[in-house]
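Asks: Chains as they are written, first to last, in our numbering: chain A, 1 to 406; chain B, 1 to 508; chain C, 1 to 433.
Derived from the structure by calculation, the hints contain no laboratory data. Please read all numbers here as calculations on a predicted model, not as lab measurements. A hint or two may mislead.
If you anchor each label on the Cβ, the simulated ranges turn out as follows [what the hints assert, rightly or not]: (1) Trp383/A / Arg323/B: 56 to 66 Å; (2) Arg292/C / Asp340/B: 31 to 41 Å; (3) Gly280/A / Ala73/B: 44 to 54 Å.
Chain C is nowhere near these chain B residues, computed Cβ spacing over 12 Å in every case [as the list claims (entries may be wrong)]: (4) Asn46; (5) Ser49; (6) Asp70; (7) Glu96; (8) Leu306; (9) Pro393; (10) Gln421.
Virtual Cβ for every residue (Gly too), placed ideally from N, Cα, C.
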Amino acid sequence: MRALAGLARRALVPGLAVLTALILGAVVIILTDFENLAQIGSDPAGALGAAVGGVFNGYGAMLTGAFGDPERIRLAFEDPNDRTIATAIRPITETLVAATPLIFVGLAVAISFRTGMFNIGGDGQLIVGALGATIVGVGLQTSGLPSLVILALAIAAAILFGGFWGFIPGFLKARTGAHEVITTIMLNYIGAQVVLFALLGPSLRAAGSSQPISKNMSAWVDVPSIISLPAIRLDYGFVASLVMAAAVSWLLFRTTKGYELRAAGFNPTAARYAGMSAGGSMMLGMALSGGLAGMGGGFLVIGATGQLTNDLSGGIGFNAIALALLAGLRPSGVVAAGLLFGALTTGGKVMGIQSGIPFDLLFFIMAMVIMFVAAPGLIRTIWRVKVAKPAPEIASVAPTAPAEPV
Amino acid sequence: MRLELREISKRFPGVLANDKISISVDKGQVLGLLGENGAGKTTLMNILSGLYKPDSGEIVIDDQVRVFGDPHAAIAAGVGMVHQHFMLVPVFDVVEAVALGAEPVSGPFRAFDRAAARNRIVELSEQYKLNVNPDAKIENLPVGVRQRVEILKALYRKSDILVLDEPSAVLTPSETEELFGIIRSLAATGTTIIFITHKLNEVIEVADKIVVLRRGRVAGTADPKTTTRQALANLMVGRDVELIVPKGPAKPGEVVLGIKDLVVRDDRLELAVQGVDLEVRAGEILVIAGVQGNGQTELVEAITGLRTIDSGEITIGGHHVERASPRQVSDLGVAHIPEDRGRDGLIAFMTVAENYILDTYHREPYSRRGIFNLKAVSERATQGVKDFDIRTPSIQTLATALSGGNQQKVVVAREFSVPVQLVIAAQPTRGLDVGSIEYIHRRIVEQRDAGAAIVIVSTELDEVLAVGDRIAVMYDGRIVGILAGDDATLENLGLLMGGAIFGEGTAA
Amino acid sequence: MSAAVATALPHGEGLAARRALRDARIRGATLLALGVLSFYFASSAFSTPAIFLFRIYNTGQDRFEVATSVGLLWVIAGLAAALVGALQLWRGATFRWRPWLLVLLVPYVAVILGALLDGTIANLSRVLSGSFELATPLTLGALAGILSERSGMLNIALEGKMLVGACVSVVVGSVVLGATGNMFAATVAGVSAAMVVSGLLGLLLAWLGIRHRVDQIIAGTVINIGAVGITNFLFLRVLGSSPELNTPPNVAAMQLPFLSDIPVLGPLLFSLRPYVYLSIILVIVLTYLIFRTRWGLRLRASGEKPAAAGTVGINVLQIRYRALFFAGLICGLAGSYLPLATAGSFQMQMTAGKGFIALAAMIFGAWHPIGAFAAALVFGFADSAQALLSILGVQVPPQLLNSVPYIITIVVVAGVVGRVRGPASAGQPYEQG
């Protein structure tokens, strides 16, 4: 019971932050509903009503898009067969599919923040990791190796590629003091160009396409599905993300390496006095972080999409920052927040199709979530509740002054 | 101007920092405000300089009641403050640093009229014989000069009341003498001066009147002509203090720490330690005394593996450690209590238990092959909290929630939680209350009697005299003299700290 | 110039200059090596012609032609590098190498262009004037960064504020243009609106950082991500269905009277968009304000040691709020450049990292407006040359060329070409009593 109360207290600020952000999102939807707002002069109540109706339409579509349409679920119960069951559970499985890379990159962000590194290069690390998986996947097309072996090799390559992409800013910070915010963002752009370059070359590009799209690898390598029903994409990548969450939690709190990472993150000087290598922790933390993000990219490209495109990430790196902060940088929290954001992402896409409210609104909502989590005073003022101070990691990512101002 | 503070009270969460404090000082008088760390001196002065607002009470200057809402009002009323930590922009030159906030301007864009400011500064510098080069960059000036720049800053604002907060903390005895000369001449020209310190002999030397604060209240007043150090000390701590730590005679054994011709550079690559030779034996306490900034910090960092050395030898228990890492040094059984425990010795946002294992976490029983034994960690930490009487709600409390004394106890408990052959303690009692100081000293003496070699770096003469079996005085990167604890007096220590080199005969 | 250049250490001061001296030696040796390497390249390139054209006047087809060989250019560049390297070795740590680096840049740029063109004839007037044009948003962004960081606030939100500024300038400009048909009024309205909105975002950043003590990096990230979300959303939901809202006024190049008639220089320097002239004026004005006025003194004090400013009665927080507001205004101006001067409409995420490149220009320019302007010119030139090379169909992968500014940015922030010290207290919250 005490544990439950603790959980509720911890979830209060994140919950209210998401709620407030969604309300702000609704305000934006209403304010940009020019069709209905144009009528405000002649019929103010009607115009506003219609605009608010638009919000309910949009958010409603988001809800059914993420969790399923009650009508279809009813049909599946009445007439259970592969097709009806698949239609009924497809939204919720898509939510889990969307949550998978979010959890991977969310863990990546959490581990880097714990090391005092503000990694906003999740996008780049994810896509470079996906490139690594694609190179191995496509390269082993005619090898005749079993799918699972190719999968393992591809994921290993993804981890290495992503890890390297994360290691670079860690190395630069440790050796030269170059601020990781700038270097990781620059590496996002460079990573995108590298992937574009690789995809436009002859070896990876899909036959007969002039677009930057790789060959579809699902014919010879795939992540095994959890549920084998038509149009259900949920695979063991999701399970892998949960396993990694447990592994990260174990690493951070049960091993001396994790202890060193956290110590260096909070106070690099004290860590040095205690005989640890703060620079080493920065590099290790960033490499692990990049490796996790790359792993997410690997599972995404081998599993859910089957092929690499240059817009594979779709802003997962940005959302992962919001997610990790929302989770209080706790791996278990990352899983919970990842599921929530997976639902928002899946639902947001359905909202875009059904009600014409662009998916990109989510980025705005995510930004607001970060703001409210980082400034709980705002939540306190708006909702008149007593809230705890933010976790120290969130209050200040770099508890000591950066070696070089940005 | 005559200054009077009437019944000033100021409360911070959990502390009544000032409790109805009333003091007064006449024009041209030097008031010595004496008190321990935490007695409320600095709070009172921040109220006087407009940084804090008092909860109640009033400030009266020449029979006029003043309310200082911000530093501006205080400056306008003629109160000038010389802060303990200098408030000078390091990259500015003296003219810019002094004029900041009271800049003469010219032209429509309020251009800084540097020439006007410079003229005035040169004038003041000559008038009060401060001898400051107006075009020097602050960061290139020695501390003594920086302090004169601070005084210049107050004079530049036409302050009639000058408040000096612990002005001698970073000065050599001769610089302090110079400062006293300036204070006397300022007082002679009619400036009212409040001199805040915790050093007994200084108030006796320079003040016309002494007020002693204790736990936020006025504990008493004294006349410097008739009072004694002991009387003032008793007023300050509220009971008879033992300025001597109870300890038996040292029984020096084998040499544990050996240093030969050590040369170390500081962060700016200047020579900070210039050829130090030192031997510390098992079972003795060697105190390294000296004014802050004479190479003690770099010496300690060199011994503990935190700083690479230029040349020389360091051995610990016979092992050469010139190139050892902090981990290797610590694994030789060296306890290091760092100078700035908040920054270097603790991780504020980790728990007491996690801090308790900060430099031993990689050893058994805390961990094996990189994996923690959390049960062992919490058992040992609980034991440490009990043994060292650390006041904390639990071992899962964040270190930042503890008081300064308890934080220091966490550090000491941790360092003494494993067998040690050498203890390096830099300023181990800085900022602590009397009770904690005694406790920490007792623990250190225990380690000595158990056979460890102890090195304490201290700038506090009282501490130096109380705990040292031998006292090495450091000046300008060199050991300028080593005294036996019994031979040391305030006078000969003061001379050595100021750079006067004794004959070899006094070395132990 | 007080905080800005830390490399020039005066002789005889107490500060030991060993590290500076070591850096100086490495720098000198590298430059010497570069010179020798250049001579080596020269040996095989004398047969390759390098022909650069310059326009003489804005009107007409007259061309001024510089014809030489790539080999000769290598020799010149090599000589220059060796000379600067030798100077650096001779003068040691007191050598002011930054300006010399810019001098070196000219021959090396010429030779690299020549080598890449491999005999193709290139019109340089457009490349050089294009450098000024493309440098402008970076210069303005860097100025905004300088204002913020000199006051003690990190500002990684330049990118987001520029993006929002771009979007607002387009919408407001389009509306006013549609309603009045007056190009000038529409431009002024669009730009002003962009500046105000960006300025308000600057205040939001300051408020989160100061009032709510949000880490300044996180606060900047909020604005960067939020800006992408809201502008993408507006583009897809509103601008997509109402193209009349995405038809902003166009800011054309302006030929300055008399000056634009100067041969060669006229078309190159004095026939640019008003934005360019405005940014150069701002560079001069801000240099004066920051280093010569009371306001500037207090601004720098707030960024270096806020407690020193606070104890003499200066309202540090007010200075920071104002600095961030003004920085926001400049950011809005920078953002409006992209659609109004170059793209002709708003596109999703059209800033493409320019805000971060501007930060790099600020760092490389040692937090000094003039230095930042010079650094921005380098980035502008890289951009401009890349456009030329891709038009001429040079065999370099476009993705590599596209990455060049980002790679330079990383090199700059890593301090590979010399470390500089920024405002000491930037990023640390200040508690005012």
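Asks: Does each hint hold? Answer for all of them.
Replies: Outcome of the hint check:
1. Trp383/A / Arg323/B: 56 to 66 Å: 58 Å, holds
2. Arg292/C / Asp340/B: 31 to 41 Å: Check passed, 38 Å falls within 31 to 41 Å.
3. Gly280/A / Ala73/B: 44 to 54 Å: Roughly 52 Å apart at Cβ, these two residues keep to the hinted range, so it holds.
4. Asn46: Since the minimum Cβ distance to chain C is about 7 Å, asparagine 46/B lies within 12 Å and the statement is violated.
5. Ser49: About 7 Å separates serine 49/B from the closest Cβ of chain C, which leaves it inside 12 Å; violated.
6. Asp70: Nearest chain C Cβ is 6 Å from aspartate 70/B, so the label is violated.
7. Glu96: Violated, because the least Cβ-Cβ distance between glutamate 96/B and chain C comes to about 6 Å, which does not exceed 12 Å.
8. Leu306: Given that every Cβ of chain C is farther than 12 Å from that of leucine 306/B, nearest at about 18 Å, it holds.
9. Pro393: Nearest chain C Cβ is 25 Å from proline 393/B, so the label holds.
10. Gln421: Answer for glutamine 421/B: holds, closest chain C Cβ roughly 35 Å.
The earlier numbered hints that this structure contradicts are 4, 5, 6, 7.
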